[in-house]
Amino acid sequence: MSMRSQVYEWANLAPSGSTSSLRRGTNDIPVYVGANREYDVFIGGIGNNITKPAETTATQFIVIEDIASTPYLGGAVQIRINTTDYFQNPDVTDQAGIPGLASPYPRGSASTVAGTSAGDNLLKSFDLYPDVYVLPGQVFQILFSLRSATDGSATEVVACFCKYTLYDGPDALIANKLLELGVTINPNNVDWYKRTLIEQQTRSRVAAQANGGSA
Amino acid sequence: MSMRSQVYEWTGSRTDGSGTALSATEAGKRVSVFIGGYGNNITKPAETTATQFVVIEDIAVSPSAFNVAHATAAYRGLTTANGVSGPRAYVQVRINTTDYFLDPDNVGNDGIPGSASPYPRSINFQPCFNLYPDVYVLPGQVFDVLVTFFNSAAYAEMKCFTKYTLYDGPDALIANKLLEMGISINPGNVDWYKRTLIQSQSAPAPTA
Numbered sequence: 000m001s002m003r004s005q006v007y008e009w010a011n012l013a014p015s016g017s018t019s020s021l022r023r024g025t026n027d028i029p030v031y032v033g034a035n036r037e038y039d040v041f042i043g044g045i046g047n048n049i050t051k052p053a054e055t056t057a058t059q060f061i062v063i064e065d066i067a068s069t070p071y072l073g074g075a076v077q078i079r080i081n082t083t084d085y086f087q088n089p090d091v092t093d094q095a096g097i098p099g100l101a102s103p104y105p106r107g108s109a110s111t112v113a114g115t116s117a118g119d120n121l122l123k124s125f126d127l128y129p130d131v132y133v134l135p136g137q138v139f140q141i142l143f144s145l146r147s148a149t150d151g152s153a154t155e156v157v158a159c160f161c162k163y164t165l166y167d168g169p170d171a172l173i174a175n176k177l178l179e180l181g182v183t184i185n186p187n188n189v190d191w192y193k194r195t196l197i198e199q200q201t202r203s204r205v206a207a208q209a210n211g212g213s214a
Numbered sequence: 000m001s002m003r004s005q006v007y008e009w010t011g012s013r014t015d016g017s018g019t020a021l022s023a024t025e026a027g028k029r030v031s032v033f034i035g036g037y038g039n040n041i042t043k044p045a046e047t048t049a050t051q052f053v054v055i056e057d058i059a060v061s062p063s064a065f066n067v068a069h070a071t072a073a074y075r076g077l078t079t080a081n082g083v084s085g086p087r088a089y090v091q092v093r094i095n096t097t098d099y100f101l102d103p104d105n106v107g108n109d110g111i112p113g114s115a116s117p118y119p120r121s122i123n124f125q126p127c128f129n130l131y132p133d134v135y136v137l138p139g140q141v142f143d144v145l146v147t148f149f150n151s152a153a154y155a156e157m158k159c160f161t162k163y164t165l166y167d168g169p170d171a172l173i174a175n176k177l178l179e180m181g182i183s184i185n186p187g188n189v190d191w192y193k194r195t196l197i198q199s200q201s202a203p204a205p206t207a
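Protein chains in written order, with numbering that gives the first Met the number 0: chain A, 0 to 214; chain B, 0 to 207.
Among the clues, some could well be false.
[Claimed, not checked] To give a feel for the contact side, a few chain A residues facing chain B, derived at Cβ under 8 Å:
(1) 8
(2) 41
(3) 63
(4) 67
(5) 113
(6) 120
[To be verified] Dumping the calculated EDC-like pairs for lysine to aspartate or glutamate here, alpha-carbon to alpha-carbon at most 20 Å:
(7) 176(B) to 190(B)
(8) 51(A) to 102(B)
(9) 43(B) to 15(B)
(10) 193(B) to 179(B)
(11) 28(B) to 102(B)
(12) 193(B) to 198(A)
(13) 193(A) to 104(B)
(14) 176(B) to 198(A)
(15) 176(B) to 190(A)
(16) 193(A) to 167(A)
(17) 193(A) to 133(B)
(18) 51(A) to 56(B)
If you're looking for bench data, these hints aren't it; they were derived computationally from the structure. Idealized CB from N, CA, C, for every residue including glycine.
For reference, chain A alone in the conformation it holds in the complex (with noise of 0.2 Å):
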C-alpha cells in the first residue's frame, strides 16, 4: 500500500499533571491553551503529540488535502513547511491562518464553546484546493492558535484535524515526477502516470516482436 489516507486529530486533553502525551488516555482532561500562540499540534507540548517533528523521508512524498480547527474562542490553523507560512496576509506579513469558523472540525460544531442555541452548526467555507505538498526531506508543522485562551481553569476543550495523503516508495517517485510536469498530485493521476508507463512498455514489446527482435 503507497498511497494512504491519512489523518492526525490533536485536542488540548492530556492525563492530570502533565500538559502532554504520546497516547490518549481513558483518564484525559483539558489542559490550558493560552492566547495569540502558535501551538504545533505535533511537538508542541500540549495535548497528544507524537515522538519526533513531521517530516518525510527520502521516499515519501504528502499531500495535505484539507486542516480545520476547533471553530470559537478564535481557533485558527496555520500550515508550516520547513521555516515557511503557507498561509500570509496580502502584505506577506504573518497570519495565523485558517479560521476555524471557515473550516469547524467538527463539522456542524457550534460557534460557541457552550453550543447551546438551537441550529448554531457550522458548515466549511474553506476548502484547501490547491492542495499542499511536502517535498521528501521538508519537516512540516500544523499550528494551531487562540484569540482568546482557554478559561483559567483549563476546562475548555479545543481540537485540532489534518487530513493528508501519504505517497510511498515508487509512488513519491511518481508524485516527484507529477510535480515536474506541473500535474497535479492526487492518487488518480499517480494512478494515470503509472498506466501511461505501462502502456509505453507494452507498445515497445509489440514494436520490438514486429520487427523480429526481442523486447
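Chain A is already provided as a structure; the job is to place chain B on it using the hints.
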C-alpha cells in the same frame, strides 16, 4: 452477482449473536468489531478467500464534540465528561498485522476520529474525511476494523460502520488485474475491463 456492495454495522450495546454489551472497562482498548467479543460479532475473523477481493470504501464511528469540562448535561444527545461529549472514538483498519492509519512519525495511531467520519451522520456531525484512495484487501488476507473509545462515560453510544465492495470469482481476478495495471478498483473499472475483453475477442482478426 460477483460484485456486491456490503456494509457492516457494529453496535457496542447489542447483545444478540455471540457478543456481550460493551462496558466502561474497555475504554482505551482496541475492540474488533468482528470478533472482539463485545456488541454484535461474526463467527470468524474477516478474511478473503483465494477468489475474493474486498475494497473498503468507507469507515465511520460514533462522533464526539469538544466543549467545556464542567458541562455535565448531555450535549447534542451525547454524554459529556472532561469536556468531550460522546465516546471520543476512533476507528482503525488492520490488514493482516499492519495498521493502515499512521501518525506522521510512522507510528500506528488510533485511527480515524468519529468527529471526522461520524456515524450516523447528522446536521450536528458531518464528515470531513473520506476514505480515498480506498483500502484493498487482497485474496487470502485477513482484515479487521478496530474501534477505540476514551470517554468511559459514553460507552453506550458506540457504533461503527464499514462499507465495502466484495468482488468474487472472475471479478476478483479482474480486480487483481486492475491492481497490476495501476487502475483504481471500482465496479465501473471492472465493467470497463470486461467490455475491453469482449471487444478484443469480437474484433475481426487482422489480415496478413
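Hints numbered earlier in the text: which of these fail when held up against the supplied structure? Numbers 3, 13 and 18, in rising order.
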